[in-house]
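Let chain G serve as the given structure and place chain Z on it in line with the hints.
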Amino acid sequence: MSRLFSLMPLEFEPPGVESFDLPPLYEGAPEWLDKYSFMAVVSVIVILAFWLIMARKNALVPSKGQFIGESAYFFVRNSIARDMIGHDFRRYLPFLIAIFSFVLLNNLWGIFPFLLLPTPSHVGWPYGLALLVWLLYNGVGIAKHGPFGYLKHATLPSGVPWFMWPIIIPLEFFSNIIVRPITLSLRLFANMFAGHLLVLVFVLGGEYLLLESESIVNKLAGVVAWICSMAIFGLELFVQSLQAFIFTVLTANYISSAAAEEH
Amino acid sequence: MTAMEIVGSLGIVGYGLGAIGPGIGVGLIFASVIQGTARQPEARGAMMGTAWIGFAVTEALAIIGIALAFVFGFTGQA
Chain G
350 MSRLFSLMPL
360 EFEPPGVESF
370 DLPPLYEGAP
380 EWLDKYSFMA
390 VVSVIVILAF
400 WLIMARKNAL
410 VPSKGQFIGE
420 SAYFFVRNSI
430 ARDMIGHDFR
440 RYLPFLIAIF
450 SFVLLNNLWG
460 IFPFLLLPTP
470 SHVGWPYGLA
480 LLVWLLYNGV
490 GIAKHGPFGY
500 LKHATLPSGV
510 PWFMWPIIIP
520 LEFFSNIIVR
530 PITLSLRLFA
540 NMFAGHLLVL
550 VFVLGGEYLL
560 LESESIVNKL
570 AGVVAWICSM
580 AIFGLELFVQ
590 SLQAFIFTVL
600 TANYISSAAA
610 EEH
Chain Z
3 MTAMEIVGSL
13 GIVGYGLGAI
23 GPGIGVGLIF
33 ASVIQGTARQ
43 PEARGAMMGT
53 AWIGFAVTEA
63 LAIIGIALAF
73 VFGFTGQA
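Going line by line, the protein sequences match chains G and Z. Positions 350 to 612 (our numbering) are the ones given, in order, by the first sequence. Positions 3 to 80 (our numbering) are the ones given, in order, by the second sequence.
Chain G with its partners taken away, still in its complex shape:
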């Protein structure tokens, strides 16, 4: 009787956290050399090749390729760096462009045929990126204000009355120094993780319903799930680009708030 009502047969193994524990790339490879590090290395090579080829022949009348490169460059330069950091943005532009292209390309591996796995869906990669950003914005602040000046700058907003200091200083320290890198990395990780899990549910669940279950209703549901997975890929394309953009915007925002002058 219960089998009649169960749409999803119970033998189906739903994708979960263990779907992200991948073995080493080939037999006998060292343990760190898995699909994630392979994709990261490939992305670095592709990004280097892209920017070097773009920057090689700068003509006054740009070719198609140079136009694409300049559009990408001006997007990061104008709508991220200049809007967020202000007049002193040129010093941080190379870092922002590197972060943006690395995160974007590694996110896009999630919808790239044959790879189909965003690198930041393993939490170690966003942790590393956020650590880099954390070191940079704290370093910028310390270089600008000095160690104690930066601590005061980061934890004490101007205009706070003195009796509020015991509440405000720990709160601001917690929010600006501790929570920022955690949310920065977890945001990228969780978006990529959840997106990849969604794709797995639709594709693997559809495959199970279509090929391994018997009733015709289940087979039809499997076909619908496969068609809908295309829409999920479209959503993923949007989310991946958006997350790369947000990661860079927040990096620029942290840098600008660390380097800001006292008002």
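Everything labelled a hint here was simulated from the structure, so no lab data went into it. Glycine included, C-beta positions come from ideal geometry on N, C-alpha and C. Keep in mind that a hint or two might mislead.
Said to hold, decoys possible - Here are some of the chain G residues that sit facing chain Z, going by a computed Cβ distance under 7 Å: (1) T532; (2) A539; (3) V572.
What the hints assert, rightly or not - Covered, in the sense of this in silico footprint (three residues per stretch, anywhere, with C-beta under 8 Å from a C-beta of chain G), are these stretches of chain Z: (4) 44-55; (5) 60-73.
Chain Z in isolation, oriented as in the chain G frame:
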């Protein structure tokens, strides 16, 4: 006899509850952006920049929620 048996992790239910707040918050942000754009279309670029940062900060709660749902969802089952 129980009519129906539900198997799963309570952490996921907790995540569902936790996602209500950020959902409302993100909705409010973009509602304001739409209103602002309707009132003053030329200010759209400036508003979108702030809106994305606000969106990212509001969304952080839901993001922490999904991470914790997986952490606690799997320690609970054991």
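Structure versus earlier hints - violations, ascending order: Those not satisfied come down to hint 3.
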